[in-house]
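Participant: Line order of the protein sequences matches chains A, B and C. Position in the first sequence counted from 1, then plus 165, gives you our numbering. 82 is the number that our numbering gives to position 95 of the second sequence; each next residue is one higher, with no gaps. Position in the third sequence counted from 1, then plus 2, gives you our numbering.
There is no bait here: all hints are sound.
Below, simulated EDC-like cross-link-like pairs (lysine to aspartate or glutamate); rule was C-alpha separation at most 20 Å, straight line:
#1 221(C) to 54(C)
#2 443(A) to 87(B)
#3 388(A) to 33(B)
#4 443(A) to 44(B)
#5 206(A) to 33(B)
#6 443(A) to 86(B)
#7 508(A) to 34(C)
#8 350(A) to 306(A)
#9 443(A) to 33(B)
#10 275(A) to 310(A)
#11 103(C) to 412(A)
#12 485(A) to 100(C)
#13 206(A) to 103(B)
Just so you know, these hints were derived from the structure itself, not from any lab.
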Amino acid sequence: MAYDKTLGELLREQGITRRGFLKFCATTASMMALSPSMVPKIAAALENAKRPSVIWLSFQECTGCTESLTRSHSPTIEKLIFDVISLDHHHTLMAASGYGVDEALHDAMKENYGKYLLLVDGSIPVGNPAYSTISGVSNLDQLTEAAKGAAAIVSIGTCAAFGGIPHANPNPTGAVAVSDIIKDKPIINVSGCPPIPVVITGVLAQFLTFGKLPEMDELGRPKAFFGQNIHDRCYRRPFYERGQFAETFDDEGAKKGWCLFKLGCKGPVTYNACATMKWNEGTSWPVESGHGCLGCSEPNFWDMGGFYNSLSTPTIDIAKTAAAGLAAGAAVGVAAGALNRRKKNKAAREHETVTINDLEKGAKS
Amino acid sequence: MLEHMATDSNACGEGDIFTGNVAPILNEIRHALQRLLDEDQTTTIDLRGIPMGPGEEQHLESLLGTGEVTATIDAMGLSTVIETSLAGVWLVVHRNDNDDILGKFIEITRNPTILESQTEDMHSALERLPGILADYS
Amino acid sequence: MTSVEFLQWVRGPGLAIASIIFVFGMTLKVLEIFMLGRKKNLAELRSSGVKEGFRTIITRFGAVDRFTTRRTMFTHITGWVFHVGLFVAIFLLTPHIELFKSFLGFGWPALPTAIVDFVTVITLITLLIILFHRITNPVLRYLSVGEDYVVWVLTFLPMLTGYMAYHHLFFPYTWLLGIHILSVCILMALFPFTKLTHAVTLFFSRWYNGYMGGQKGVKQ
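Next comes chain A alone, as it looks inside the complex (with noise of 0.2 Å):
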């Protein structure tokens, strides 16, 4: 593997021209979110980047993630994998079988130690190891050896950055994010159930042209794709303003294509970049499409009190603790009242007539 060409020259080699160079470069600032002002600035960067090694490990996963990859449109899948990046190792997209899988891998590991990028989807059983283990290795295991040799690991979906639908309540597999067992590498978290295949491209790269991993927020997702709120960039976000909402997915109101709120829409406190960059290419996206967000980038999304049930109703059943909340207060109250009645009762019969002799022999005293 050519790992010390610079980009520029492999494009080159393979007839790509200048002009397809500068293409490349302005669909690649696009899908990082970058303003076009900076493409100069990207052609340069990544004339001279170095293809990186890439290894890829799969842990309580559904391969959604890589599904949604390799939908990837720009660019396409082909492309980010032999010009772009040198994708080393990848259970479900390599060729090799059996021991050639795990040779592969730690060829990799040896030859790119302390640079290669580390990707992970899925989440990692911490409560009992043996719940997912490859070639008898545990998730953790293979995990911990692969960070130690990274540059820096890109947790590749919801799973892998917060634990994800394995780490759902009950959470029976005790299952974790890569970020709960790494604490000393770079992480970045491209959450999403699957993340959109243009913002894990976009990521990849913002690495490679940069070589280093982007802005953050609070949740370690990068801030070029994660940082707007999916509510304030809807399009049917007028209909929320205006009071005009869908009761049903088949009323007139669903039709005429109102806000979600109402049959549970999570887009308020979800923050992912759907409402602009959209799926399938552009096409559309869950809301223009007729259903609310799920929120399936965040944290905890399958535990947000149900997708159907609208963020302002509580997770819990609050006729049943109101229940609980009046009969404690109707058995202390009646309590309470009979001391009071007690109270005065007592204080009545215990009142001593005063007369003006009293007060007056109170006075000398």
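Fit chains B and C to the supplied structure of chain A, relying on the hints for placement.
Facilitator: Relative to chain A, chains B and C alone:
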């Protein structure tokens, strides 16, 4: 593109929802065009960074219309460069080998950079010319 | 604790604790008041007093006489404005109605968010004016105890945090929504044990005043 628009509007009809972002973009274009004339400064607007409702982008494109120049570039997939009915306002659409749209930009410029011959490419052309000459003679 | 965990806590266990305290406290207070009882009225009744009781609930929304009205105009206007504002913000905003619907089983029409937003601003300003008045007016200040200021803060905070959450001011929305719900939880938990109980007891006491008054006097 026009065909696409027609089917889209048939399919969506009343369902088209406008975010109201078209007017600010048109205003941005207006200022950029003024800047181009006054200071010879070019501007690029990335349409991906702007929220659009269903059918809204097509609406913007139809407002801009098609002008005198249409060019296609075959580099890592097709790209189309169209001068809109407004001179100096170009619509650049990049596609990959699978014809998927990679990016859509509005460029306010006399001449989109991507159309110009690139220095690096001219160098390699110069390197190739002696060979062609040798074959010819 | 991340913003999401915080929001989850206030929407779940936090709210549960607050509503238990609220319902418990209110039941306790109301029962205590009713169980105190009254001495038997030995006089001949002018009327049963029930009708007069209900009438008084309504008539006390206005002032007793013109002189009093003029003297206390400021309190009347600001009091009305912020109480109506609270009513609009609490009961006529869509997300709030959704909350009531989730445990009452029914909802009612909401006002457009922009109107509720405007009313909230008016309410916030009015509450600030009222606080200023309480502090600057020597008589009011003399009469005020610590609880009066606590109650003011308890009322002001949910309005302020709700406004901030809606406009995404200073913090990410997830934090703001969590803080807003927390401020309401605190309000609910302290409600039964402060003067805020007047929101419920005022109807009983007004009715009782009218009832007593109605019974007194000579039958015509």
